[in-house]
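One letter stands for each residue in the lines below.
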Amino acid sequence: MIKIKNLEASIDDKTILKGIDLEISAGEVHVIMGRNGSGKSTLANVIAGNEAYEVDGGSIAMNNTDITEMSIENRALEGIFLCFQYPVAIPGVGMAYFLRSALNAHRKHQGKDEMDALEFLNNAKAILSELGLDDSFLKRSINDGFSGGEKKKSEILQLLTINPKLAVLDETDSGLDVDALRTVAKGVNKFKNENNSVLIITHYQRLLNYIKPDVVHLMIDGKIVESGDMSLVEKVEKDGYSWLEK
Amino acid sequence: MIDSIKKSSIEFFNTNGLPSKKLENWKFTSSKNFKNFNKSSSLDEIKKIESDELSIVFINGVLDKHSLENFKFADLIEVKNLNELTKKELLYCSESFLNESMFNLGVSEFENGSYISFKENSVIEEVINIKNYFFENGQNERVSSFNIFHINERSEISIIEEDIKENFSIFNLKLNKFICENSSIFKHGKAYNDDSQTHSLSYNYYQIEQDVALNVDSMVKSSFFNKEFIEVDLNKVGSDAKINILNLGKEEQHVDNNILINHKAEHCTSFQHVRNVLDNKSTAVFNGKVIVAEGAQQTDSNQSNKNLLLSLESNAFSNPQLEIYADDVSCGHGSTTGALDENSIFYLRARGIDYSSAQKILIKAFAKEVIDDFSLSSLQDISEIALDSWIDG
Numbered sequence: 016m017i018k019i020k021n022l023e024a025s026i027d028d029k030t031i032l033k034g035i036d037l038e039i040s041a042g043e044v045h046v047i048m049g050r051n052g053s054g055k056s057t058l059a060n061v062i063a064g065n066e067a068y069e070v071d072g073g074s075i076a077m078n079n080t081d082i083t084e085m086s087i088e089n090r091a092l093e094g095i096f097l098c099f100q101y102p103v104a105i106p107g108v109g110m111a112y113f114l115r116s117a118l119n120a121h122r123k124h125q126g127k128d129e130m131d132a133l134e135f136l137n138n139a140k141a142i143l144s145e146l147g148l149d150d151s152f153l154k155r156s157i158n159d160g161f162s163g164g165e166k167k168k169s170e171i172l173q174l175l176t177i178n179p180k181l182a183v184l185d186e187t188d189s190g191l192d193v194d195a196l197r198t199v200a201k202g203v204n205k206f207k208n209e210n211n212s213v214l215i216i217t218h219y220q221r222l223l224n225y226i227k228p229d230v231v232h233l234m235i236d237g238k239i240v241e242s243g244d245m246s247l248v249e250k251v252e253k254d255g256y257s258w259l260e261k
Numbered sequence: 004m005i006d007s008i009k010k011s012s013i014e015f016f017n018t019n020g021l022p023s024k025k026l027e028n029w030k031f032t033s034s035k036n037f038k039n040f041n042k043s044s045s046l047d048e049i050k051k052i053e054s055d056e057l058s059i060v061f062i063n064g065v066l067d068k069h070s071l072e073n074f075k076f077a078d079l080i081e082v083k084n085l086n087e088l089t090k091k092e093l094l095y096c097s098e099s100f101l102n103e104s105m106f107n108l109g110v111s112e113f114e115n116g117s118y119i120s121f122k123e124n125s126v127i128e129e130v131i132n133i134k135n136y137f138f139e140n141g142q143n144e145r146v147s148s149f150n151i152f153h154i155n156e157r158s159e160i161s162i163i164e165e166d167i168k169e170n171f172s173i174f175n176l177k178l179n180k181f182i183c184e185n186s187s188i189f190k191h192g193k194a195y196n197d198d199s200q201t202h203s204l205s206y207n208y209y210q211i212e213q214d215v216a217l218n219v220d221s222m223v224k225s226s227f228f229n230k231e232f233i234e235v236d237l238n239k240v241g242s243d244a245k246i247n248i249l250n251l252g253k254e255e256q257h258v259d260n261n262i263l264i265n266h267k268a269e270h271c272t273s274f275q276h277v278r279n280v281l282d283n284k285s286t287a288v289f290n291g292k293v294i295v296a297e298g299a300q301q302t303d304s305n306q307s308n309k310n311l312l313l314s315l316e317s318n319a320f321s322n323p324q325l326e327i328y329a330d331d332v333s334c335g336h337g338s339t340t341g342a343l344d345e346n347s348i349f350y351l352r353a354r355g356i357d358y359s360s361a362q363k364i365l366i367k368a369f370a371k372e373v374i375d376d377f378s379l380s381s382l383q384d385i386s387e388i389a390l391d392s393w394i395d396g
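Just so you know, the protein sequences line up as chains A and B, in that order. Per the working numbering, the first sequence starts with residue 16, numbered consecutively. Per the working numbering, the second sequence starts with residue 4, numbered consecutively.
So here's chain A without its partners, still in its complex pose (with noise of 0.2 angstroms):
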């Protein structure tokens, strides 16, 4: 699905990867666990395309396709989505609207005629029933206004209207109660299937108590150090990252 090779990347002249390399198949979910400043998000962000960073060296491969110079939105395109740690609220652009565009610039991109209102509605409805929110919810300004936990609910929303190949959840568990979480990873199991793929950022155990992955990567200093099991979370809840450090 996407093969990162040696990835180098920088922003402000800093770098923050420092040779990246990580291949994801057709329905796995992999984990990418760090300390704060360890390079996760920034990984997040150069796979999504995001213009800030500068890619040093290396490469990103999406389904064969070199993605590297690839625009956001080509990208997007492609089937990368970006779950967002901190979504942006655009007062005045409808969640509706917004969806809807979101999902018929891909229908377009694959060739398909866009999807009309009354599809749509009735599509977006049953999802937000799925995530406990209510229809009104649409009408809404695009995460304007809304608590953390519906954001996080707002991002899922997306993921399942788009149905991407690759998910890539920046900590989206974070700042979470128990029932948002168990509705994200309700979301998040709903989505992933074996034609798809899931990389998850995160610093806790408690989302993998709900979604399984099927490798953990523990990254320090802008690169993957170890990789493995189920096992590795275990590890760094109970010993942290120090024994990692040589």
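No lab work stands behind these hints, which were simulated from the structure alone. Every clue listed holds true.
Lysine-lysine pairs mimicking BS3-like chemistry, simulated, CA-CA at most 30 angstroms apart: (1) Lys-193(B) / Lys-371(B); (2) Lys-10(B) / Lys-68(B); (3) Lys-168(B) / Lys-35(B); (4) Lys-83(B) / Lys-245(B); (5) Lys-309(B) / Lys-154(A); (6) Lys-363(B) / Lys-154(A); (7) Lys-245(B) / Lys-154(A); (8) Lys-180(A) / Lys-140(A); (9) Lys-123(A) / Lys-371(B); (10) Lys-367(B) / Lys-123(A); (11) Lys-371(B) / Lys-154(A); (12) Lys-9(B) / Lys-90(B); (13) Lys-363(B) / Lys-123(A); (14) Lys-371(B) / Lys-140(A); (15) Lys-154(A) / Lys-190(B); (16) Lys-90(B) / Lys-193(B); (17) Lys-363(B) / Lys-180(A); (18) Lys-33(A) / Lys-227(A); (19) Lys-363(B) / Lys-140(A); (20) Lys-367(B) / Lys-140(A); (21) Lys-30(B) / Lys-284(B); (22) Lys-363(B) / Lys-127(A); (23) Lys-367(B) / Lys-154(A); (24) Lys-190(B) / Lys-245(B); (25) Lys-38(B) / Lys-9(B); (26) Lys-127(A) / Lys-367(B); (27) Lys-123(A) / Lys-180(A); (28) Lys-154(A) / Lys-193(B); (29) Lys-83(B) / Lys-168(B); (30) Lys-154(A) / Lys-180(A).
To be clear about the criterion: a stretch of chain A counts as covered by chain B if any three or more of its residues have a C-beta under 8 angstroms from a C-beta of chain B, and this derived list gives those stretches: (31) 58 to 66; (32) 120 to 126.
All of these numbers come straight from a predicted model, not from anything done at the bench. Even glycine gets a Cβ: it sits at the ideal position worked out from N, Cα and C.
Model the placement of chain B on the given structure of chain A, informed by the hints.
Below, chain B alone, put in the same frame as chain A:
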């Protein structure tokens, strides 16, 4: 009587000349182009305009009385020539207007101004269209007009003003006075969706009595120069004035709002919300002032100016001011100026929306927040269509 008023007005103008940048309301506005226009002469031929039953037509600033023959609510209005008014009735207005040389020029030049009075208890649900047609009578003409609208007690009137002209150069110097008597409701919408050759300078005075609800909603697009003075006197208790303005500027256009709200009585509220979207080398000026007089307790006032700059060469000058002489009031003001938020653009693009579309969505969102606050849904519709074409243009 009117001749003596005109004489003293032209003397005032001749003494003071065109406004200079030393004046606060003209600090960021050049009047040099005004010199290129000459006083208009009367139209050579009377233009015949077909009007509908909800329209009152003005031709080059003068009421077309034929339009009243079709007007559905003709029996609810009384029309006089301004010559029939006393000096006080004519010129009771803002002291600051009387000290403006261009206002005086307009007073000295207008011909056949009209006083249109809506009778007491005239409740009209439909929106009345005030259609200002302009016809070219010579090159680079200055058309001065002065009209007074009187909304009598317990009347409810909604109007939308629209300027209609072909593609020619004109200086539209417009003086309007609106008197809102006790317990009246007046919604005044303006849609200036003009070509790029128009210079427009307007003075709008609102005399507000007790328990009045006033809405002034305006959308300006494409005029080369548009400077508007709005002054609201809240003379008696319990009135509310809401002003929502959206200006869209491109190329070298200049849009300019000068708003003064005088809270002279207790328990009044006022709200100003002016947004400018500026592209290319366009400029915008906001001079907004609220004066709360001594004794105008329980005043609630808010003033907001937001400017969205779409190019490095566009400029916005914002000057919100408060003068408060009462001690039990709630007054706020704020101003922001900036470009489109890069994080918001990233967010939209990360969902597959291309850069250009993301920009358009954000521009529309910024502008639409004012449009959504317009009190007249028909003006909302007109403005949204104009906004879409401006963004795509």
